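Undergrad: Below, each chain spelled out in residue letters.
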Amino acid sequence: MDRLLASEHLAGWGFVSPAVILIALFGVVPIVWSVVLSFQRNNLMTPGVWIGLANYRRLMQDPLFTQSIRQTIVYTALFVPITIAGSLAIAVALNRKLIAIRLYRTAVFAPVVTSTVATAVIFLWLLDPDFGIVNAMLHHFGAAPQQFFQSTSQALFCIVAMTVWGWLGFGVIIYLAALQGVPRELLEAAEIDGATRWRAFRRVQLPLLGPTTLFLIVWLSINALQLFDEIYVTTRGGPLHATTVVVYYLYTQAFNYFHAGYATAIAYVLFLGILVLTIVELLVGRRTVHYRS
Amino acid sequence: MSVGMERIDELGGAAALAAELKTRRWHRPSGWHVLLLPVALVMAFPFVWLIVASISTLAETRTFPPSLPHGFPVQWLTNLWHNYGDAWTQAPFGTWVLNTTIVSASCVIGNLVFCSLAGYALARIRFFGNGALFLVILATIMVPFQVVMIPTLLIIKHLGLVDSLGALIAPNLVTPFGIFLLRQFFKTMPVEIEEAARIDGASRLGTLVKVVLPSMGAPLATVGIMTLLWTWNDFLWPLIAIQTPPHMTLQLGLQQFTSAHLTNWPVLMAATVMTQIPMLAIFIVAQRWFVQSLASSGVKG
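Chain order of the listed sequences is A and B. Per this note's numbering, residue 536 is the first one in the first sequence, and the count goes up by one each step. Per this note's numbering, residue 8 is the first one in the second sequence, and the count goes up by one each step.
Some clues are possibly wrong.
[Claimed, not checked] Here are some chain A residues the structure puts well away from chain B; computed CB gaps all over 10 Å:
1) Thr581
2) Val584
3) Ile604
4) Gly677
5) Val695
6) Glu723
[Claimed, not checked] DEER-style ranges, computed between Cβ atoms:
7) Pro718(A) / Phe52(B): 33 to 39 Å
8) Ser688(A) / Phe79(B): 38 to 44 Å
9) Ser222(B) / Ser688(A): 35 to 41 Å
10) Ile206(B) / Ile634(A): 54 to 60 Å
11) Ile206(B) / Arg732(A): 55 to 61 Å
12) Leu269(B) / Leu721(A): 41 to 47 Å
[Said to hold, decoys possible] Cβ-to-Cβ under 10 Å is the rule here; a few derived chain A residues that face chain B:
13) Pro553
14) Thr654
15) Gly667
Keep in mind the hints are simulated off the structure, nothing from the lab. As the structure is a computational prediction, the values presented were derived from the model and not from experiment. Glycine is no exception: its CB is placed at the ideal position from the N, C-alpha and C atoms.
With these hints in hand, go ahead and build the complete structure from the sequences.
TA: Pasting the structure below:
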């Protein structure tokens with residue numbers, strides 16, 4: 536090996552070594568360890584006991600786990616389409632020069648930098664059954680007061696509304712960035728050819744946004760399947776497990792009941808779910824999206 | 008953050024959007040206001056109602072239907088003084104602000120330095136194992152946090168870092184996604200300038216620091232803001248790794264405060280406002296950088 540090359544190897548490893556040590560310690564080792572953990576009975580204190588696939592077998596017969604999967608799917612199936620439709624509409628509206636456009640944009644973007652905990656606290660107050668403003672509005676229009684987070688039938692929908700509020704601005708930012716990349720000439724050409732504004736949007740702009748929409752679907756789904764913070768702060772999975780989603784269930788198994796092995800097995804089922812959903816979305820996307828970003 | 012890789016190409020659009028956010032012009036009335044005004048009001052209303060509650064008296068938050076607090080402006084200011092003061096004295100907010108600042112600042116600096124070094128080496132230096140290392144980094148990006156959460160806690164325990172700021176800093180000092188992002192940017196830069204510097208006798212490190220990094224403002228800002236938002240707003244990991252109030256961050260502290268004060272809305276809302284002011288202030292000042300960061304990293308609060 537000649538000297539110049541040796542120095543290149545040395546420089547390369549010198550540059551990456553801090554990152555390599557940290558990623559090995561907090562990325563690679565935990566991944567390997569988690570595989571082992573998911574085959575163990577482990578209470579986080581005493582050494583784990585190897586129990587093979589027992590955790591995974593138990594998962595399949597755990598009614599609360601099945602329920603948590605069902606609720607996670609319901610949540611994701613509502614959250615993702617609503618956020619995408621809403622943010623597309625708002626982004627198209629915001630993609631022009633208007634009076635007060637900066638105010639509009641700031642109002643739409645601000646929830647994005649608001650923490651999940653703060654968002655949850657704010658919505659607990661808005662949706663307070665006794666003194667909340669939403670019940671006051673319902674009262675004003677003659678409707679009966681609702682229990683919201685304290686109702687088994689409404690709590691999950693309140694979580695959807697709250698998280699849509701938190702994520703809309705994110706979708707708008709992504710769509711706006713993509714819309715700015717659509718050449719104006721394309722739309723003008725369509726209009727010269729006699730297309731109405733709506734048709735120009737529908738036939739020209741929307742297909743060009745395909746890759747962006749696909750990205751948002753994948754990205755929002757991944758985040759929706761991992762929902763936790765908002766549940767922890769507002770409902771703690773209740774009432775009567777009505778909002779127990781997969782990660783919340785995982786958390787209670789690990790840190791309330793100290794079933795660390797079982798919880799890690801849940802995490803792997805979640806990982807598998809995320810992978811499968813992402814792959815399906817990308818495959819379906821490939822067949823319907825015809826433009827590359 | 009696995010899908011972020013497809014987003015790099017769209018940064019052009021993000022940059023255009025960010026640049027456009029700077030321009031300010033007046034234009035004629037438009038029908039779009041009919042859609043945008045209600046949307047903006049709905050989006051802003053939770054903040055307005057949060058602030059209203061934080062300057063109300065306890066009795067006023069316990070009447071139905073609710074209304075604006077009485078006695079503008081003197082009584083409002085008195086309420087504000089009392090509620091924010093109470094929140095500040097009933098919980099160690101000062102400590103939490105300091106803790107969060109230390110954690111966020113360390114992680115932002117750590118990510119900027121370590122991701123730059125690693126990203127540059129992966130993009131430019133042909134060392135043994137370069138390709139394999141890149142694959143390992145991609146693989147770690149794909150694994151959800153919940154999978155590694157418990158083993159990471161056990162490692163933190165072994166290192167003796169449980170319930171300390173170190174537990175929050177160490178695992179977040181470098182982000183695989185940040186390395187990936189910067190590597191992609193280094194790849195797009197013309198190599199000639201670097202070669203000129205190298206021929207002039209500059210070392211690899213000298214070239215990186217003096218020649219390459221100065222022209223990487225936008226991607227470095229992206230990594231910095233991504234890390235800042237992530238560490239400032241993170242909840243699940245502090246919830247697991249921290250047990251005592253002196254080591255809590257703002258988000259964890261706010262959650263604890265919430266469980267303890269759910270009956271005293273004005274003080275709770277004052278506390279919530281205080282935890283959000285720093286991020287909102289930075290966001291309003293540096294909106295275009297935030298937009299660019301969010302558009303290319305996918306990290307939100």
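Undergrad: Give a verdict on every hint.
TA: Verification of the hints:
Consistency note on Thr581(A): stated as away from chain B, and its beta-carbon is indeed over 10 Å from all of that chain's, at 12 Å minimum. Here Val584(A) stays apart from chain B, with its beta-carbon at least about 15 Å from theirs, past the 10 Å limit. Ile604(A), annotated as away from the interface, keeps every beta carbon of chain B farther than 10 Å; the closest lies near 14 Å. For Gly677(A), the condition that its CB be more than 10 Å from all CB atoms of chain B holds, with the nearest at approximately 13 Å.
Taking the minimum C-beta to C-beta distance to chain B, about 15 Å, the non-interface status of Val695(A) holds against the 10 Å cut. Remark: the non-interface label on Glu723(A) is consistent with the geometry, its nearest Cβ contact in chain B lying 18 Å away (cut-off 10 Å). At about 37 Å, the beta-carbon gap between Pro718(A) and Phe52(B) stays in the expected band of 33 to 39 Å. A hinted range of 38 to 44 Å for the beta carbons of Ser688(A) and Phe79(B) is consistent with their spacing of about 40 Å.
Against the hinted window of 35 to 41 Å, the Cβ-Cβ separation of Ser222(B) and Ser688(A) comes to about 56 Å, which falls outside the hint. A hinted range of 54 to 60 Å holds for the C-beta pair Ile206(B) and Ile634(A), which are about 55 Å apart. Checked against the hint of 55 to 61 Å, the pair Ile206(B) and Arg732(A) passes, with Cβ atoms roughly 56 Å apart. Between Leu269(B) and Leu721(A) the Cβ separation comes to about 53 Å, which falls outside the hinted range of 41 to 47 Å.
Evaluation of the Pro553(A) hint against chain B yields a held restraint, the C-beta minimum of about 5 Å falling below 10 Å. The interface hint given for Thr654(A) is met, as the beta carbon of that residue sits about 8 Å from the closest beta carbon of chain B, less than 10 Å. At its closest, the beta carbon of Gly667(A) sits 8 Å from a beta carbon of chain B; the interface hint therefore holds under the 10 Å criterion.
Of the hints listed earlier, those the structure fails to meet are numbers 9, 12, in rising order.
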